[in-house]
Structure formats: structure tokens, C-alpha cells
Amino acid sequence: MTFTVTHSPRDGGGVRLRLAGELDLSTSGELNDTIDRLAAEGARHLLLDLSELTFCDSTGIAAFVRGDNRASAAGGWLRLTGATGRVDRVLQVTGLADVLRYVPDTMDPTARSRP
Amino acid sequence: MGQGLLRIVTTPVPPRWGRAPGPGAGVPWRYRNIGVGLLRGIGTRRSANTGADTRSGAQPVTAADARGSDPGAGGTPTPSAARAAAGSSEAAGRPASALPPLTPDHEPDWSRVLGHFREGLIVCDADGVVRHLSPVAERLLPEVVAGRPLVASDVAGLGPGGAEQFAHRGRRLRVRRIPLSGARSCHYVEDVTETVGQADALLAERARSAFLTVVGEKLGNPLHPDRAAAAVVRLAVPTLAEVAVLVVAPRSGRARWWRASGADGEAPAVDSGTLHATALPSAIVEGLSGAEPDAAEQLVEQAVAAGWLAGLTARQVAARVVPLPGRDGPMAVLLVAWHRSRWRDDVELVRAFAQRAGAALTTAALHRDQAEFADTLQASLLPVEPVTVAGVQWGTAYRPTRASLRIGGDFYGSHRLPDGGAVFFLGDVSGKGVEAAVFTGQLRQSLQALHRVETQPGRLVTLLNDALLSTTDQARGQGRFATVVLGVVRPRRAGGLCLTMAGGGHLPPLVLRATGEVETVPLSGMLIGVVPDPRVGEVSVHLEPGETCLLYSDGVTEARGGHRGDEQFGQERLANALTGCHREPAPALAERIEQVTCDWLAHGDHDDIAVLALRATGPAPRPRRHLYAVPALLGRSTVAGHHDTRC
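First to last, the protein sequences are chains A and B.
Residues in the first sequence are numbered from 0 upward in steps of one, following numbering that gives the first Met the number 0.
Residues in the second sequence are numbered from 0 upward in steps of one, following numbering that gives the first Met the number 0.
Keep in mind that the hints were calculated from the coordinates and are not lab data.
Backbone N, C-alpha and C fix where the C-beta goes; we use that ideal spot for every residue, glycine too.
Just to be clear, a hint being listed does not mean it is correct.
To be verified - Below, a sample of chain B positions facing chain A; criterion: calculated Cβ distance under 7 Å:
#1 Ser429
#2 Leu506
#3 Val529
Full structure from sequences and hints, please.
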């Protein structure tokens, strides 16, 4: 029932955020705050590692969308990676898996994320 | 005077004082010399042996002077000193040698000293005949005459067994009887009217505070304005009034009033009514304008004329009107009325009450306005029942989350198409409360307009996405989006229905087949309002008569409960709950989904729940016909016209 978000600098620039636990109405504020803080510190490329995330509801989805909106407004991006199980299913149902898919080989993943 | 009637007043004495026998016994040491001198003075006057002499011998110091004088300068004993004197029969004095005797030159004028006492003194000899009267005693007890037995004065409080305190000539007197040597006695008489009055006032003030505290508690919680108004008049009776009438400032030309009436000890009866604004008594109108009309005859007559003082005539009643402060001037007035014989005109208390009542009514009105606002908003956003379409039986369930505004983020609806079909949709917007409500409104309005120019579901969802993107530009930072399943239903010539549905990132619909099996419609697509040109999936489904397609929100599948309390209901349990229910009509199926979801919930707390069911009506299909969902994942450029070929 807990949620944690940790972050570390990523090779090649940007920040990798590791999300663990359940992302819902009660915890999405924490993710929003972290993203806002990183953005304020100048981070433009955010990669969210969801491999330890066990649950994500619509407020979590909203946090991803909000983060991407914010990053793209600054010329950057927010991408998701590592989603499994229920979280992956939610991303598939909402189509967000396509919108925010992280493509490692590309310098600018936004170029490929839109069909 | 009977020996057995000696009154002994005790006060605690510090142990170190002890007791010392001797001539000074019975008089506190610090008053002993004064006391001796006093008695000597009295003895001197006694030689004159007439009451007139005694009175003429009194110093020209009036009691009023004594009372008005500075206690320090005038020698008026302080209460503690008086108490010490009261204990004289118990408190033993120190030896007389403790204080050197005063020389005649320095000896004070004891008569003068006596005259400044707040207490009056009556000294009687062994036979009970009054031998001395101080001016204060004379004034307080004119019946007592020097030279005559004290009992002859016939003042009950001075007689044998008289009370320590008694009422006399409109004053409250306290008497102490102190035995003196030689079987003489002295009565100390004090006027305690004001002290008692202050104590009474203090008690009254405490009662006021207690009353206002109760009022604050009862009116403190936000109430519905009507209940608050009823509570105000109910609380006013009987403490403030025998009949209390609250008249609220007119809204739309009509003024509502509440009345409580009842005597002490019985629960007040409350009723209410309405008056046309033009029929309001002028005193009430005056009160509503902020003035506080005098407790005049006119006011009472008007109250009687208004029918508020049933069974009473204007002559019998006294009344007062106070305004109740609102945000912008008085929002109501309170009329308090009493039977004239029982009139307790505590205007300060009525005003204090009016202040609190006004605050409570203002708060209640504010809450009502907010509730009305929310109701209006919600009513405009509540899903309306689907339009009638030939061959379609609709079923719906809608249970918004218990949020403060009772406005959910789920929505569903339908629009009739000119060709006999209909557009239907069910979806969910992100967020909660007013923001979600406004977004839902935008979405519904967009669909209302767009379905007139585009009836192909995939393209309609794409247009909707564009419309939302343009309106959400300002709110992009908030991560606002919607998920939706949108379809077009048309009756098929061969019987049954053809459904073409487009997916906007929403949970895939279920189809309950005539066999009792549940299928998941393979519908995919992206949520809308996030990116331009999203991928929108489209699927056509055939429903034979008796088959049902079910759209639902994530409040169903994400409902948390079960044995662990936090387990999600999930699509599998939903499918299981519907399996075999193919004979149930659409409304029953929608209700069933709502029911199993609520049964699953552990805490009764839930997200929005919305269900939209479409059941194909008509004669049962011939046995061999069986149709399947036909998935078609289509890009924006390839969707045109496909639904026509499939159905």
C-alpha cells in the first residue's frame, strides 16, 4: 500500500525516477511534487521506471500526462519504461503505453511515440 | 434577652493567636482598645439617658458620607475586618499590654469613628432596652428607638431567632448579635443590598453565559436554513420570550417566518409560515432595515394583527424586535414577546442572542447556496436517460463518489441519429470535483455538437480529442484527460443490432451472449485530450435479440474490497458475475453490476460507478445464426465507411 519514488541522474543526461508500490489518488501528489522539483532544477528528460510499480489508477495516469506536458513545454519529455502486470494493462487500455513509450535507441523518443 | 439565644459566629483563627483570659476576652486584640473606648463613650452617653440625647450626640456624618468615603480615610472596615469582628466571640485577644493605652490627647472621637462604620450599631442593656443607636442603624431601622426595648421595634430580623439576613424596607440587611459584658449586647446591622444585588447580577450573568453557550453549541453546526431558523426560535423560548417570531428578509417578494411559543417547563411549539413582503408589519420592515424598533404599543399591535400572538391581546403583551446581522445588513429580525406581567426585558441578552442567531443563519444560507450551486451543476451533468431507439433496450447505473460536491467524473449519454440509430458513449474524466465537472461539461457539449457532423465513431472520437485539446490547452499542466467508449448503434434489417464502437483509452466493453457467455470486446485506443491525432481503435459487434453489450467505468473493476479489503474487483470477477445472466433485461444487468461492485467494496467508499447496457430486443434468433465481434484496429485515415460494410 506504500509508494516511493527515488531518482538518480541517468547516463546521457536526464533523470531516472524509480517508482515502487501503488500510485493512486493518495500517492500521485508525491510523484507530481517530485516531477515539479526536478523540472524546477532544470531536468528536461525524465525516464520513469515502473518495474516495481504494482498499481496505477487514473490519477497516476494523470500524473504521467501532466509530467509529460510540463516537460514538453520546456522542450523535454517524460517517458515510461518497465511496466508489468496491472500497470502495463492500464497503460495499454488507456493507450498511454504508446504515447509515453521509451525508445532507448533514439535521442528524442517523442519522434517515434506518436503513430 | 434570653441567654440561650446567644448567636455565635465562628471564623477560623490562626492557632498562634491562642486564647488569653482577661478583661479583653471576646474582642479581637486589634479592636480591643477601640472597643473599650467605644463602650466607654456609650456609657458616657447613657448617663444622659434619653434617646434624643443619644441621637443629638451623634456626629454630623451621614451614612451616605460614610459609604461614599474612602475606606482608608473614613475608617470604614473592610470586609475582612468585618469578618474578623464577626469572630470576636471566638477569637481571643492578646493581652491588653500588647498595645499601649492611648493618652487622652490622642484618643479618637469614638462617636465619629462609629459614624463612619458601614455597619450600624444598636447597643442594648441587660434588659434588652436600646441604649445606643448609630446613625447608620437609625437610617436602616427607623423602627428601633433608643430607650425602648429592641423587641418593641417589631422588626422580625432583630427578634429572637431572627435570620442573619432579612429584607427590610426594600433593603437587604445582615445582622450580627454580639454579647457584651454585663449581659449587654450589640447588634451590628449592615446594608448588604448592593452586595447581594451584585451576587444576583453575577448569577444572572453566569446564566446568560450558559444560555449563550448552549445557543452557540446548538447553532454552531451548519444546518439547513429552515432548520436553523426553527432552532433559533426554539432556543429563544422560554429564556428570552414566551413567544419568539423570526422573520427572514424576503426572497422573491415573500418573507418566511418561524414562531415558537410556550411557557416555562414545556417544550416550545414551533410553526412557520409565509408573508407577502408587502404585508410585513412596519416594525419588522424597520427591523430588517437595521433599526431596532422601540418596544412600543404599535409593535405589539402589529404582531397581534399578524396573528403571531395567538390568544393574546395587545394590552396583555410586551414585545421587542431586534435585527439579526447578516453579511450585508440584517438578514432577519427576531420578535420576542412576553405576557406583560412576566416581562423580563433583558435587551442585552436578546441582542447577544441575535448576533449568534444571525451568524448561524448566515452560515446556513451560505451552505444552502453552495448546495444549490452544486445541485444545479450536478443536475446539468447528471447522465440523462438514453434516447429511445427501435430494437434497443437500455440499462443504466450511475453512482457518483461521495465527494463533497457529489459530482463525479464518469459520464454516459446518447444522441438520436436521423437514420434511426443512435450515438452512445460512456467515459471517465480525470480529476474530481468542480474541475472534473467542468471538463465533463465541455466533453458533453462537444459531443452534442460533433455528432451532427460526424457519425463514424472513430472519426467522432478523433474530433472530440481535437476539441478537447483546444479547450484544455490552458489546463495542460494539470494532466487532464478523458477515456471514452463511443459507439453508434443501428437496428439490423435481419433482426438484432449492429454496434460500431471506438475506443478512447477506456476499458473494453463486455458482450453477454445468448448462450450466457461473456465476451470482452477487443477494443483499444488512446485516452483523449492528451495528444493530437491519437490512435483510435474501432470494432463492430453484432447483437442478436437477447444479447447485451455492457459499457462500464473503472469504478467497477478498480473497486477495492474482498477478503483482504484492498483487492481489486477486476474484469474477471465482473465477467463471472454476468455469466449466465443473459435472460435478464438491460436495466437489471446494469443494476447487477452496480450491486456486485458495492458488495465487493470493503469500506463502502468508492470511485464513480457508471454502467451503460444495450440489449437487442425482438424475437429470439434462429438457432444457427451466431455472430462474433469483429475487431478492426484502424488509423484515422482508414476508418471511413467500414461500419457500413460490416453491418
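Results of checking the hints against the structure:
Using the Cβ-Cβ criterion of 7 Å, the hint placing B/Ser429 at the interface with chain A is satisfied: the shortest such distance is roughly 4 Å. With its C-beta approaching chain A no nearer than about 6 Å, B/Leu506 sits inside the 7 Å limit, and its interface hint holds. About 5 Å separates the beta-carbon of B/Val529 from the nearest beta-carbon of chain A, less than 7 Å, and the hint is met.
Violated hints are absent here; each numbered hint is respected by the structure.
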